[in-house]
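Undergrad: For this one, chain X is given, so just place chain W on it according to the hints.
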Amino acid sequence: MTKDPERSAAEPVTVLLANWKAGDAAAREALLPAVYQELRQLAAGYLRRERSNHTLQSTALVHEAYMRLVDQKVSWNSRSHFFGVAAQFMRRILCDHARAKGRAKRGSGVSPVSLDEKNWAEFHAAASNVREDLVALDDALNRLAELDPVQCQVVEMRFFSGMTVEETAEVLGISPATVKRYWVTARAFLAREMGAAADRAE
Amino acid sequence: MTPRLWLEIRDLLAEALELPREEREAFVQRVCASRPAEEASQVRRELLSLIAATADEEFLNEPVFEQAQQNEAPPLRIGPYSIDSEIGRGGMGTVYLATRDDGAFLHSVAVKVLNRGMDTDYFVSRFRYERQLLAYLNHPAIVRLIDGGSTDDGRPFLVTEYIEGEPLRAYCTRTQATIDTKLRLMIEIAEAVHHAHQRLIIHCDIKPNNILVTAEGKPKLLDFGVGRMFLPGLGVAMLTAKSQRLITPGYASPEQILGEALTTATDVFSLGATLYELLVGRAPFGPSITSPETRTAEAPSKALPRQQRDFRSDLDTIVGKAMRNDPAARYESAEQFAADLRRYLNLEPIAARPLTVRYQLTSFVRRNRALTASIVFAAAALLAGASAALYERGQAVKERDTAQALYENTRDLAHAFVFEMDDRLQKEGAIGARRLLVERGRAALDQLAARGAPDAALGRDLVASYVKMGDVLGRVGAANLGRLVEARKSYEHALELSRDLLVRYPADDLVREQNASVILRISGIAKAQGDARVSLDLETEAIRNLGDAQTLDRLRLLADAYHELGGTYSQLGEWGKVVEVRQKALRVNANILKHRDATYDDRLRYVLARTRLASVLSRQKHYAEAAVEYEATLAEARAMLAQNPHSNGASDNLSNALLFAGISAQVQGKFDIAAQRFAEAYRIRSQRVAAEPNDWRMRSLAATSLLRWGMAEVSAGRRASGAAKLRASLRERTALAALDPDNTGALAEKGEAHAELSIALARSEEGQAHWKKAHEILDPLRAANKLNPILLEGLARADRAR
Numbered sequence: 002m003t004k005d006p007e008r009s010a011a012e013p014v015t016v017l018l019a020n021w022k023a024g025d026a027a028a029r030e031a032l033l034p035a036v037y038q039e040l041r042q043l044a045a046g047y048l049r050r051e052r053s054n055h056t057l058q059s060t061a062l063v064h065e066a067y068m069r070l071v072d073q074k075v076s077w078n079s080r081s082h083f084f085g086v087a088a089q090f091m092r093r094i095l096c097d098h099a100r101a102k103g104r105a106k107r108g109s110g111v112s113p114v115s116l117d118e119k120n121w122a123e124f125h126a127a128a129s130n131v132r133e134d135l136v137a138l139d140d141a142l143n144r145l146a147e148l149d150p151v152q153c154q155v156v157e158m159r160f161f162s163g164m165t166v167e168e169t170a171e172v173l174g175i176s177p178a179t180v181k182r183y184w185v186t187a188r189a190f191l192a193r194e195m196g197a198a199a200d201r202a203e
Numbered sequence: 083m084t085p086r087l088w089l090e091i092r093d094l095l096a097e098a099l100e101l102p103r104e105e106r107e108a109f110v111q112r113v114c115a116s117r118p119a120e121e122a123s124q125v126r127r128e129l130l131s132l133i134a135a136t137a138d139e140e141f142l143n144e145p146v147f148e149q150a151q152q153n154e155a156p157p158l159r160i161g162p163y164s165i166d167s168e169i170g171r172g173g174m175g176t177v178y179l180a181t182r183d184d185g186a187f188l189h190s191v192a193v194k195v196l197n198r199g200m201d202t203d204y205f206v207s208r209f210r211y212e213r214q215l216l217a218y219l220n221h222p223a224i225v226r227l228i229d230g231g232s233t234d235d236g237r238p239f240l241v242t243e244y245i246e247g248e249p250l251r252a253y254c255t256r257t258q259a260t261i262d263t264k265l266r267l268m269i270e271i272a273e274a275v276h277h278a279h280q281r282l283i284i285h286c287d288i289k290p291n292n293i294l295v296t297a298e299g300k301p302k303l304l305d306f307g308v309g310r311m312f313l314p315g316l317g318v319a320m321l322t323a324k325s326q327r328l329i330t331p332g333y334a335s336p337e338q339i340l341g342e343a344l345t346t347a348t349d350v351f352s353l354g355a356t357l358y359e360l361l362v363g364r365a366p367f368g369p370s371i372t373s374p375e376t377r378t379a380e381a382p383s384k385a386l387p388r389q390q391r392d393f394r395s396d397l398d399t400i401v402g403k404a405m406r407n408d409p410a411a412r413y414e415s416a417e418q419f420a421a422d423l424r425r426y427l428n429l430e431p432i433a434a435r436p437l438t439v440r441y442q443l444t445s446f447v448r449r450n451r452a453l454t455a456s457i458v459f460a461a462a463a464l465l466a467g468a469s470a471a472l473y474e475r476g477q478a479v480k481e482r483d484t485a486q487a488l489y490e491n492t493r494d495l496a497h498a499f500v501f502e503m504d505d506r507l508q509k510e511g512a513i514g515a516r517r518l519l520v521e522r523g524r525a526a527l528d529q530l531a532a533r534g535a536p537d538a539a540l541g542r543d544l545v546a547s548y549v550k551m552g553d554v555l556g557r558v559g560a561a562n563l564g565r566l567v568e569a570r571k572s573y574e575h576a577l578e579l580s581r582d583l584l585v586r587y588p589a590d591d592l593v594r595e596q597n598a599s600v601i602l603r604i605s606g607i608a609k610a611q612g613d614a615r616v617s618l619d620l621e622t623e624a625i626r627n628l629g630d631a632q633t634l635d636r637l638r639l640l641a642d643a644y645h646e647l648g649g650t651y652s653q654l655g656e657w658g659k660v661v662e663v664r665q666k667a668l669r670v671n672a673n674i675l676k677h678r679d680a681t682y683d684d685r686l687r688y689v690l691a692r693t694r695l696a697s698v699l700s701r702q703k704h705y706a707e708a709a710v711e712y713e714a715t716l717a718e719a720r721a722m723l724a725q726n727p728h729s730n731g732a733s734d735n736l737s738n739a740l741l742f743a744g745i746s747a748q749v750q751g752k753f754d755i756a757a758q759r760f761a762e763a764y765r766i767r768s769q770r771v772a773a774e775p776n777d778w779r780m781r782s783l784a785a786t787s788l789l790r791w792g793m794a795e796v797s798a799g800r801r802a803s804g805a806a807k808l809r810a811s812l813r814e815r816t817a818l819a820a821l822d823p824d825n826t827g828a829l830a831e832k833g834e835a836h837a838e839l840s841i842a843l844a845r846s847e848e849g850q851a852h853w854k855k856a857h858e859i860l861d862p863l864r865a866a867n868k869l870n871p872i873l874l875e876g877l878a879r880a881d882r883a884r
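Going down the list, the sequences are from chains X and W. Just so we're on the same page, my numbering is the position in the first sequence counted from 1, plus 1. Just so we're on the same page, my numbering is the position in the second sequence counted from 1, plus 82.
Worth flagging that the hints you see were computed from the coordinates, not collected in a lab. In this text the structure is predicted, and so the values were computed from the model without any measurement. Take the hints with a grain of salt, since some may be wrong.
Listed next, the in silico SDA-like pairs over lysine to any residue satisfying Cα-Cα at most 25 angstroms (straight line) [stated by the list, open to error]: (1) W:Lys703 x W:Asp684; (2) X:Lys181 x W:Ser131; (3) X:Lys181 x W:Leu101; (4) X:Lys181 x W:Glu139; (5) W:Lys264 x W:Arg251; (6) X:Lys181 x W:Glu140; (7) X:Lys181 x W:Arg126; (8) X:Lys181 x W:Lys300; (9) X:Lys181 x W:Glu100; (10) X:Lys181 x W:Gly332; (11) X:Lys181 x W:Phe109; (12) W:Lys300 x W:Thr181; (13) X:Lys181 x W:Thr181; (14) W:Lys264 x W:Arg364; (15) X:Lys181 x W:Met83; (16) X:Lys181 x W:Pro331; (17) W:Lys666 x W:Pro727; (18) W:Lys752 x W:His704; (19) X:Lys181 x W:Ala96; (20) X:Lys181 x W:Leu142; (21) X:Lys181 x W:Leu99; (22) X:Lys181 x W:His704; (23) X:Lys181 x W:Ala134; (24) X:Lys181 x W:Glu718.
Interface residues of chain W toward chain X, partial, derived using beta-carbon atoms under 8 angstroms [to be verified]: (25) Trp88; (26) Leu89; (27) Arg92; (28) Leu99; (29) Pro102; (30) Leu130; (31) Ser131; (32) Leu132; (33) Ala135; (34) Thr136; (35) Asp138; (36) Pro157; (37) Leu158; (38) Tyr682; (39) Ile745.
Quick reminder that beta carbons are idealized off the backbone N, C-alpha and C, glycines included.
Next comes chain X alone, as it looks inside the complex (with noise of 0.2 angstroms):
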């Protein structure tokens, strides 16, 4: 008999869920620590499990988190209010993990502590498929943010968490056709930005 995954409904979620869709914009900040959390857990879960093979997709660690914090009685956009929520820590994980490699690399002496630091560094090795350029897509993605943060969502959105045009728009308040005008536009001024700073490197 396979156990029942969606049994650890976690109120507190649900319930900040349900007041930052009715505009308590609070509770949205409220609910990163636990998110966050609980995707690290996750994820060094199944790293312990040491399978082989494993690449883990971040829409299934995105989706098992959000079935062991979410009470399933909330409607389809709270489900997409989570997913906006986790794709911010989507970017963070894979970028300051990018960040920690290229130290790591260049012999700056900072390398992961605690055994489970370690766990969950392997894990975005695992996970991720690292590439080098999310450093730099970090570092464009925080000019973009200076420059406009809500088209740096819809970036985080649609790259990190794997959200659909629809999707974005249902978080963020704006229609499929801004989404689509904003991603467009983001996507040339990254690209732009990361462009330059590979040829400065150069």
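TA: This is chain W only, laid out in the frame that chain X set:
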């Protein structure tokens, strides 16, 4: 760059990117022309460099993790299947065309495997669940499950038949399907969906892309990946998750979007949406999620240009009724949706009317079985909590009257659960639903009873609810789950309560009758367990308690008691007594039919009584008299079944009569006639098994018909054919005996099948093995005095044949 400037540049950039490549530069020059020189050059620089940066179309195009997955080469093998090519890839799984080479044959199959990276607990269990669901389904328009397993790296896969076909929309476009063809395809799909609903499975993602049409024009429903079973107790984990990310907005029902409870009505909605797309050429709703209230689909006829409206507005009505926002206002079942489409095709008036939106709660019991079951299930989940809460509230309220009113409300609710709804379901199957329903209702009643000695009405309800529970678990002679020992416990608990009630209310007729009915149920189980002596005492007591019955209810109980007593005497081999009691039973039944309020069921019982009398007459070698009775009962039973083809009682009656008539023919040496009768009985019973695979009793009866058929074939000299049937019967009886290890009756029947096989295969090694097996099983039972004369005689024949 400042944020303000970026906003300006961003909008210009968006505009520029809308244009064809070669016009973009001119556009930039144009918008910069009107600006001051310094600003113009900055804007120009920004825009041109941004436009240049869009050259790499791949940049960020795929989400970060999915990239590596896309280019993964197909594996060479999955389990025993060699992979030929990839057919399709979704977020969760990938489907391959594969071949199984089992030495003799090459089969093309479709293998669906969970994507690497998606093997979290949630998706793995979801995937296994789909496999379970498919295993319950068997319909020509539903893709057939062949196999399942796990890959070397632990990902589950499932194997289905490979459908060489194209998606529904594409098929209709390519063949330029007429409206009639489209409707016929939809009818077949709706019937497949109904088949699933009868097995308590909802698909949850019906849409044109999940339907393939074969070269022969046969549709096949695929992908139960987000489907679910809406009842527990059938051996699968109940997954209640709204797998919301997995719904398809263009076809999803309002309740799916809102995350509300899903029922069969959800699929009816999506069937309507699919038909909509076939008629109009696009999905009724867009790909984004919008609230159901604001989401509207134009009527199909209005969504088409005038010259293309080649169907009657009736189709608007049908689609509209299937797609109502309120699930209760839709078609009550997929079958009725299909029926209306059929009426449309036959140019008959359709059942849906534009203004039949009004829905009354009380009408639900008239509805289709699967839907009823689903409503019942949802309601049952609420009941235990609700009734307790109601009562607690009542206690807290000061006024005694209010507490009393709440108490009565709760009792009414539980009563409706245990009795009215269960009766409805009993007529139509769905044992899992019944068990749940009765358990919940009984728990509510128990809670009430725990608060003080129950009055007569509550007491009777409580007794009756324990009886119902027993009935669902293992009532002898009715659809049940085959747990006799559990059932007996439940009945005995009922008897205890009932005796207590009878002491306190000795003049209450209803209490007295209920007492007799409880006694009869226990005696029935005792008999099935081989304790015929116990049954004899209990039945005699029940008949004495019922006394000189006059009312219809009491006459019915008395007739039951005589039926049971007759069975007991036959188990004891006292055949003279059997004839006597059967004649009494027939007389009581005849009296019932004289009653003004006698029903169809009473007629059924009369026919049964007659069948039983005929059988014992035949047993006593009064063949001529028996033959007359059989001809009459068979004719009557056929007529009753024709009058009411869905009546389980009528089908029981006919198969019973056939079985007994067959036995009579057999003992007279008319083996061909016997074989014919048994074969027909087997056909009727296996149809019932197909409709309700969890009905233990019907499976046992079907296995018995098969055994008898095999015996008749052997007697007629067709040994091979007989042995095949006996083997099949043995297989089924072995499975049944394993299902309920406490049921010695089932064990004895398994032994009987071994004995008969040893006769059919006498003087062969296999026959010898069966003979040994028969003794192994039956000897201990014989020692415990738990073998009836028929079995003893069978064993003796096996010994002689050796």
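Undergrad: For each hint, tell me whether it holds in the structure or not.
TA: Taking the hints in turn, this is what the structure says about them:
Using a Cα cut-off of 25 angstroms, the hinted pair W:Lys703 and W:Asp684 is violated, with the two alpha carbons roughly 29 angstroms apart. About 20 angstroms separates the Cα atoms of X:Lys181 and W:Ser131, which keeps this hinted pair within 25 angstroms; it holds. For the hint pairing X:Lys181 with W:Leu101, the CA-to-CA distance comes to about 15 angstroms; that is within 25 angstroms, so the pair holds. For the hint pairing X:Lys181 with W:Glu139, the CA-to-CA distance comes to about 15 angstroms; that is within 25 angstroms, so the pair holds.
Note on W:Lys264 and W:Arg251: the hinted pairing holds, with a Cα-Cα distance of about 10 angstroms set against a maximum of 25 angstroms. As the CA atoms of X:Lys181 and W:Glu140 are separated by approximately 16 angstroms, the hinted pair is consistent with the 25 angstroms bound. With a C-alpha separation of about 23 angstroms, the suggested pairing of X:Lys181 with W:Arg126 holds against the 25 angstroms cut-off. Note on X:Lys181 and W:Lys300: the hinted pairing is violated, with a Cα-Cα distance of about 40 angstroms set against a maximum of 25 angstroms.
For the given pair, X:Lys181 sits about 11 angstroms from W:Glu100 by alpha-carbon distance, which is consistent with the 25 angstroms threshold. A distance of roughly 20 angstroms separates the Cα atoms of X:Lys181 and W:Gly332; the hinted pair therefore holds under the 25 angstroms criterion. For the given pair, X:Lys181 sits about 21 angstroms from W:Phe109 by alpha-carbon distance, which is consistent with the 25 angstroms threshold. Taken as a hint, the W:Lys300 and W:Thr181 pair is honoured in the structure, with Cα atoms around 23 angstroms apart against an allowance of 25 angstroms.
With a CA separation close to 43 angstroms, the supplied pair X:Lys181 and W:Thr181 exceeds the 25 angstroms bound. The hinted pair formed by W:Lys264 and W:Arg364 meets the criterion: a straight-line CA distance of about 14 angstroms does not exceed 25 angstroms. About 23 angstroms separates the Cα atoms of X:Lys181 and W:Met83, which keeps this hinted pair within 25 angstroms; it holds. Simply put, X:Lys181 and W:Pro331 have alpha-carbon atoms about 19 angstroms apart, close enough for the 25 angstroms limit, and the pair holds.
Only pairs whose Cα atoms come within 25 angstroms are accepted, and W:Lys666 paired with W:Pro727 is rejected, the gap being roughly 30 angstroms. The hinted pair formed by W:Lys752 and W:His704 meets the criterion: a straight-line CA distance of about 16 angstroms does not exceed 25 angstroms. Taking the CA atoms of X:Lys181 and W:Ala96, the gap is near 9 angstroms; set against the 25 angstroms cutoff, the hint holds. Between X:Lys181 and W:Leu142, the direct Cα distance comes to roughly 14 angstroms. Compliance with the 25 angstroms bound is thereby established for this hinted pair.
Simply put, X:Lys181 and W:Leu99 have alpha-carbon atoms about 12 angstroms apart, close enough for the 25 angstroms limit, and the pair holds. Restraint check: the Cα-Cα separation between X:Lys181 and W:His704 comes to about 89 angstroms, which exceeds 25 angstroms; the hinted pair is violated. At most 25 angstroms may separate the alpha-carbon atoms for a hinted pair to count; X:Lys181 and W:Ala134 meet this at roughly 19 angstroms. Our distance criterion of 25 angstroms between C-alpha atoms is broken by X:Lys181 and W:Glu718, whose separation comes to about 73 angstroms.
Nearest Cβ of chain X to the Cβ of W:Trp88: about 4 angstroms, under the 8 angstroms cut. The hint holds. Hint status for W:Leu89: holds, given a least beta-carbon distance of 7 angstroms to chain X, under 8 angstroms. With 8 angstroms as the threshold, the beta carbon of W:Arg92 comes within range of chain X, its nearest partner Cβ sitting at about 5 angstroms, so the hint holds. The interface hint given for W:Leu99 is met, as the beta carbon of that residue sits about 6 angstroms from the closest beta carbon of chain X, less than 8 angstroms.
Hint status for W:Pro102 relative to chain X: violated, with the closest Cβ pair at about 15 angstroms, above 8 angstroms. Interface restraint check for W:Leu130: the shortest CB-CB distance to chain X comes to about 10 angstroms, outside 8 angstroms, so the restraint is violated. Among the interface hints, the one on W:Ser131 holds; its C-beta lies about 5 angstroms from the nearest C-beta in chain X, closer than the 8 angstroms criterion. This hint holds: W:Leu132 has a C-beta 4 angstroms from the nearest C-beta of chain X, less than the 8 angstroms allowed.
Contact between W:Ala135 and chain X, as hinted, is supported at the beta carbon level, the nearest pair being about 4 angstroms apart and thus within 8 angstroms. Interface restraint check: W:Thr136 against chain X, minimum CB-CB distance 5 angstroms, threshold 8 angstroms, status holds. Interface restraint check for W:Asp138: the shortest CB-CB distance to chain X comes to about 6 angstroms, inside 8 angstroms, so the restraint holds. About 11 angstroms separates the beta-carbon of W:Pro157 from the nearest beta-carbon of chain X, more than 8 angstroms, and the hint is not met.
For W:Leu158, the interface hint is violated, since its Cβ never comes within 8 angstroms of a Cβ in chain X; the closest pair sits about 15 angstroms apart. Nearest Cβ of chain X to the Cβ of W:Tyr682: about 43 angstroms, over the 8 angstroms cut. The hint is violated. Interface hint at W:Ile745: violated, since its Cβ lies 43 angstroms from the closest Cβ of chain X, which is beyond the 8 angstroms cut-off.
When held up to the earlier numbered hints, the structure conflicts with 1, 8, 13, 17, 22, 24, 29, 30, 36, 37, 38, 39 and fits the remainder.
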